[in-house]
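From first to last, the protein sequence lines stand for chains A, B, C and D. Residue numbering for the first sequence follows the UniProt record's numbering, starting at 1 and increasing by one per position. Residue numbering for the second sequence follows the UniProt record's numbering, starting at 1 and increasing by one per position. Residue numbering for the third sequence follows the UniProt record's numbering, starting at 1 and increasing by one per position. Residue numbering for the fourth sequence follows the UniProt record's numbering, starting at 1 and increasing by one per position.
Treat the hints as calculated values from the structure; they're not laboratory data. For clarity, every value in this text was computed on a predicted model and none was experimentally measured. Beta carbons are placed, not taken as given, at the ideal position from N, Cα and C, and that holds for glycine. Hints are not guaranteed to be accurate.
[Unchecked claim] Output of the computed footprint for chain D on chain B, the stretches with three or more beta carbons under 8 Å from beta carbons of chain D: (1) 25-31; (2) 48-56; (3) 65-75; (4) 78-87.
[What the hints assert, rightly or not] Beyond 10 Å from chain A on every Cβ pair, some chain C residues (computed): (5) Lys-91; (6) Glu-139; (7) Thr-171; (8) Ala-207; (9) Glu-208; (10) Lys-241; (11) Asn-281.
[Unchecked claim] BS3-like mimics (lysine-lysine), calculated; alpha carbons at most 27 Å apart, straight line: (12) B:Lys-168 / D:Lys-201; (13) B:Lys-20 / D:Lys-286; (14) C:Lys-28 / D:Lys-91; (15) D:Lys-310 / C:Lys-31; (16) D:Lys-286 / C:Lys-241; (17) C:Lys-45 / C:Lys-2; (18) C:Lys-201 / A:Lys-20; (19) B:Lys-168 / B:Lys-64; (20) D:Lys-179 / D:Lys-45; (21) C:Lys-310 / D:Lys-28; (22) B:Lys-147 / B:Lys-168; (23) C:Lys-179 / A:Lys-120; (24) B:Lys-51 / D:Lys-28; (25) D:Lys-201 / C:Lys-201; (26) B:Lys-49 / D:Lys-179; (27) A:Lys-120 / A:Lys-200; (28) C:Lys-179 / C:Lys-28; (29) D:Lys-31 / C:Lys-289; (30) A:Lys-18 / A:Lys-49; (31) C:Lys-289 / C:Lys-179; (32) B:Lys-200 / B:Lys-147; (33) C:Lys-28 / D:Lys-310; (34) C:Lys-241 / C:Lys-179; (35) C:Lys-91 / C:Lys-2; (36) C:Lys-286 / C:Lys-179; (37) C:Lys-201 / A:Lys-168.
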Amino acid sequence: MSHTAIAAIEAISIAISKNKEFLTDLDAAIGDSDHGINMTRGFDAVLIKVKGLPTHTDIGTVLKTVGMTLISTVGGASGPLYGTAFLRAAALAQGISCIGSHTAVQMLEAATNGIKERGKATSGEKTMLDALEPACEAFANGIKAQKSLVECLALACDAAYKGVEYTKTIIATKGRASYLGERSLGHQDPGATSSYIMLKALADFCRHNNLEVN
Amino acid sequence: MSHTAIAAIEAISIAISKNKEFLTDLDAAIGDSDHGINMTRGFDAVLIKVKGLPTHTDIGTVLKTVGMTLISTVGGASGPLYGTAFLRAAALAQGISCIGSHTAVQMLEAATNGIKERGKATSGEKTMLDALEPACEAFANGIKAQKSLVECLALACDAAYKGVEYTKTIIATKGRASYLGERSLGHQDPGATSSYIMLKALADFCRHNNLEVN
Amino acid sequence: MKKVINNPDQVVEEMLEGVVLAHPQYVKRVKGFSVLTRANSPSPKVALVSGGGSGHEPSHGGFVGRGMLDGAVAGAVFTSPTPDQILEAVKAVDGGKGVLLVIKNYTGDILNFEMASEMAASEGIQVENVIVNDDVAVENSTWTTGRRGIAGTVFVHKIAGAKAEAGGTLTEVKLVAEKVIANIRSMGMALAPCTVPAAGKPSFVLAEDEIEIGMGIHGEPGTHREAIRPADEIVTHLMDKILADLPVASGQEVSVIVNGLGGTPIMELYIVNRKVAEILNGKGVKIVKTYVGNYMTSLEMAGFSVSVLKLDSELKDLLLAPAETPAFVQF
Amino acid sequence: MKKVINNPDQVVEEMLEGVVLAHPQYVKRVKGFSVLTRANSPSPKVALVSGGGSGHEPSHGGFVGRGMLDGAVAGAVFTSPTPDQILEAVKAVDGGKGVLLVIKNYTGDILNFEMASEMAASEGIQVENVIVNDDVAVENSTWTTGRRGIAGTVFVHKIAGAKAEAGGTLTEVKLVAEKVIANIRSMGMALAPCTVPAAGKPSFVLAEDEIEIGMGIHGEPGTHREAIRPADEIVTHLMDKILADLPVASGQEVSVIVNGLGGTPIMELYIVNRKVAEILNGKGVKIVKTYVGNYMTSLEMAGFSVSVLKLDSELKDLLLAPAETPAFVQF
Ligand SMILES: Nc1ncnc2c1ncn2[C@@H]1O[C@H](COP(=O)(O)OP(=O)(O)O)[C@@H](O)[C@H]1O
Ligand SMILES: Nc1ncnc2c1ncn2[C@@H]1O[C@H](COP(=O)(O)OP(=O)(O)O)[C@@H](O)[C@H]1O
Ligand SMILES: [Mg+2]
Ligand SMILES: [Mg+2]
Ligand SMILES: [Mg+2]
Ligand SMILES: [Mg+2]
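The shape of chain A in the complex, shown without the other chains (with noise of 0.2 Å):
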């Protein structure tokens, strides 16, 4: 139902409040020191926009609204890319109040594609995508081997996380941290952080919701 879906954007923008100066630090050493101020500006324009929709709107709408905020609000390179993640996820969900578990993995899978395209950027490259693909990967996984929602999305979580612990160990070649060369090793990607925060928030919403898909 959609007022789920705009609780869990709430969710997640909380999440992405909380770890504003975390992000911000993380991409002080690699990047230009923004990341979580572009993030929680983004999210909190969301919050209002989100709350602000009728109540029964659909899942499709709620997403789009998330991923236009966003884009008008974030900037940088992370607003597009997020942004168009948003974007494609809703299209997905268009008309939809309630998501099935086939569903759930496109969505996940058009947004993480939706990031690579925008981005001209594949796993390995020290991105978000380091963390989203491997978590794209997990869930689909789970969803196969038939488990719970929750369970599909605590292995996402974890395989996100160990995506942005790879990030420490890589040279990015994609986005600001590139410019560094050898210099970005050691440090953890700012984006992946993040998709990892917003993955972990999604799932502990869900897990104390005791939400499933159909």
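Starting from the structure of chain A, add chains B, C and D with the ligands where the hints point.
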């Protein structure tokens, strides 16, 4: 003899250099932190100039060289003031290679008056005059009482020192420190201090060399 | 963080208001957007739009005016503006002859400007873009996102702006902009970092005697840190890097920007220029025009960058053409 | 002390070399002296000479050129130039119509410029001088040396320069300069001090959250210190002081300089200007022209000053007349 005059000027130059930071710090408190820098720049140039003078130069020419050099290298308020002082003293020592006691008093008075005229100032305004005027008077009284040059210079130094201390108790009404109003209280005047330092260097020089006026 | 501001979240808005209040002769605001356009926009010529994160003032709003930009879009501090803002600028300045977007080579800027071009194109506006990448501190390899765009961008604004002013078509203006870009190289150094108001603390920390060579204008780390050295040695190092990438022959005409990053005394910029000129003159290069000042700043960062542009007769004429903007006036 | 310099004792010399290398179109050096004159000096008009300590760049050399100064004399950092240097400038620019010296009201400047005028007069050159004293932070009482001269001096250069360019006699140029002086008031504040290269340490120290109100451009202490406040409150305080001394009626035309002291981001200057304009507009005052930037700096001091000039039709026309100098160009 002029080489004695030159040596005295060298002693003064060295004393100023040694106090570069001290004078600058005093100026930082109530001025623009350059008095020691200005004076050192000037006396460094003076050192070079007087060393280049022919051996039998008269005292007037030595002092004129000092005055002109200060005027053309010090800048700030102190440059024209001290420059004028040396020029006025020089005028009384033209062609002379040995200074009589009466001339010595006149020279110190002429120097002090030069500063008063150039700076349109008088004692009690928290300037170099607060050291120089009492020094002048003490020196003149000493000579009148037929004390030795070394004694008279010691008296002049004492008076100048008291003058420096006195500047702590008054508000500046001339120069950069006057902008401070009440806030100049408690601070000693950099220019009064440099006047004292010069007199002290001269006194020490005369004492070490057993110099006497005749 | 000690700054003359009211609210860290309002700095861009209040700055834009201050710019319009200061220079109504030159610029006006697109209502509700972080967009400045010429006071008399749109005009029947190819229009130039640039922009990027704020904090680089006078870039970019300071270069809006006759002979340079038609519009400038201001993002949050050090953060690319969003596509909707850029689109608004494009729509406000398009006089029917098309719009050239001058983009600095940062992923964020490119993504946002690209989205905006797609939107503008779908509204029937002819849009082209060029990407400035003059910073030789960054390796220009296919394994990275390539060199960053820094102060050399001002040359692109000036020269492409003059071409558009002279009635060049969109293709011609784009071509000359690309020629400029191919012929500029820049590199900078920092003595002290800056603080993004919303972050509240410096984006990097340098020791009392340490400098950073090659850092980016958003405080991105540079090639390395080292102990402070005499100005001439620092300049020599930067010029070596620049000229290694952009060889200049004796007799070549160039233009130079010695750009302050916001916190460096102008006195130091001239001390830098003395050595830059000495090096170029030593190679028999002819410096046609030198600009010294704060053109592409990083808030109050202390440091500078040097940009060298190789000129041919077309670029030279366009460079020397008149311009009249809040921050760049030339007869 | 971290600075982009070679040798603290050579900063003025190397800066002057850098200026001439950057702007040979506008300025040349009087050989062997710290004096810059127009590239085509002398010319058959009344000449303007200004100067003072270095460290205030672009003042004063940056304002040498058509419509402003004919010559500028650079003293050591924050130290008035010496009479012989000033004399040389006067001799270099005198085209037979006489020379006006624009002096800022500091004892050192006055003494040195006065000695130079005496020397010039004795060489048969007609010399007049005016003394700029715009800083309302300082009480203008007969018990002090009076108000200091700060950024408002740029208005004197601009307007008296335009008058001389227009063929005014020495008396006319002096009169209009005095009219300008009577109608400017300025005041500044600092967030952070600067370091004179030869001194090697800051001339004052401010706590992490402390600002100084009314300090001088050489780091002279101001009226008081206080905790940092929002920009609008600081500006309101400065404007109250300025307008208390220079009342403006509704309908009055003025010009404004929001002057950066060297280490303040241009963004902040525009945030300041927003409030300045709001206050003036609120009183019904008409702001004819606003200048925002680094005009009279104090090395890398962080902070700003605001100058307000009341205009009549003569001053307005002269202010808006064209000028072309390294740091001030106006069509
Ligand atoms: N081409 C790209 N593809 C995917 N993700 C990218 C790309 N470029 C950058 N990113 C991600 O964006 C993050 C930086 O976001 P942010 O700091 O908000 O933007 P900016 O770099 O413009 O300041 C990086 O940590 C990285 O994960
Ligand atoms: N009008 C004046 N008459 C006499 N002495 C003065 C006058 N104005 C300033 N001084 C002296 O000059 C000193 C400052 O010299 P200095 O720091 O070298 O020059 P500036 O003030 O130009 O920086 C003061 O401490 C004071 O003793
Ligand atoms: Mg970033
Ligand atoms: Mg001083
Ligand atoms: Mg950014
Ligand atoms: Mg001084």
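Outcome of the hint check:
no.: 1; hint: 25-31; in the structure: holds (count 3)
no.: 2; hint: 48-56; in the structure: violated (count 0)
no.: 3; hint: 65-75; in the structure: holds (count 5)
no.: 4; hint: 78-87; in the structure: holds (count 4)
no.: 5; hint: Lys-91; in the structure: 15 Å, holds
no.: 6; hint: Glu-139; in the structure: 7 Å, violated
no.: 7; hint: Thr-171; in the structure: 25 Å, holds
no.: 8; hint: Ala-207; in the structure: 17 Å, holds
no.: 9; hint: Glu-208; in the structure: 20 Å, holds
no.: 10; hint: Lys-241; in the structure: 14 Å, holds
no.: 11; hint: Asn-281; in the structure: 32 Å, holds
no.: 12; hint: B:Lys-168 / D:Lys-201; in the structure: 24 Å, holds
no.: 13; hint: B:Lys-20 / D:Lys-286; in the structure: 50 Å, violated
no.: 14; hint: C:Lys-28 / D:Lys-91; in the structure: 47 Å, violated
no.: 15; hint: D:Lys-310 / C:Lys-31; in the structure: 31 Å, violated
no.: 16; hint: D:Lys-286 / C:Lys-241; in the structure: 50 Å, violated
no.: 17; hint: C:Lys-45 / C:Lys-2; in the structure: 44 Å, violated
no.: 18; hint: C:Lys-201 / A:Lys-20; in the structure: 14 Å, holds
no.: 19; hint: B:Lys-168 / B:Lys-64; in the structure: 32 Å, violated
no.: 20; hint: D:Lys-179 / D:Lys-45; in the structure: 20 Å, holds
no.: 21; hint: C:Lys-310 / D:Lys-28; in the structure: 25 Å, holds
no.: 22; hint: B:Lys-147 / B:Lys-168; in the structure: 30 Å, violated
no.: 23; hint: C:Lys-179 / A:Lys-120; in the structure: 26 Å, holds
no.: 24; hint: B:Lys-51 / D:Lys-28; in the structure: 34 Å, violated
no.: 25; hint: D:Lys-201 / C:Lys-201; in the structure: 24 Å, holds
no.: 26; hint: B:Lys-49 / D:Lys-179; in the structure: 44 Å, violated
no.: 27; hint: A:Lys-120 / A:Lys-200; in the structure: 26 Å, holds
no.: 28; hint: C:Lys-179 / C:Lys-28; in the structure: 30 Å, violated
no.: 29; hint: D:Lys-31 / C:Lys-289; in the structure: 23 Å, holds
no.: 30; hint: A:Lys-18 / A:Lys-49; in the structure: 19 Å, holds
no.: 31; hint: C:Lys-289 / C:Lys-179; in the structure: 18 Å, holds
no.: 32; hint: B:Lys-200 / B:Lys-147; in the structure: 17 Å, holds
no.: 33; hint: C:Lys-28 / D:Lys-310; in the structure: 25 Å, holds
no.: 34; hint: C:Lys-241 / C:Lys-179; in the structure: 21 Å, holds
no.: 35; hint: C:Lys-91 / C:Lys-2; in the structure: 38 Å, violated
no.: 36; hint: C:Lys-286 / C:Lys-179; in the structure: 19 Å, holds
no.: 37; hint: C:Lys-201 / A:Lys-168; in the structure: 24 Å, holds
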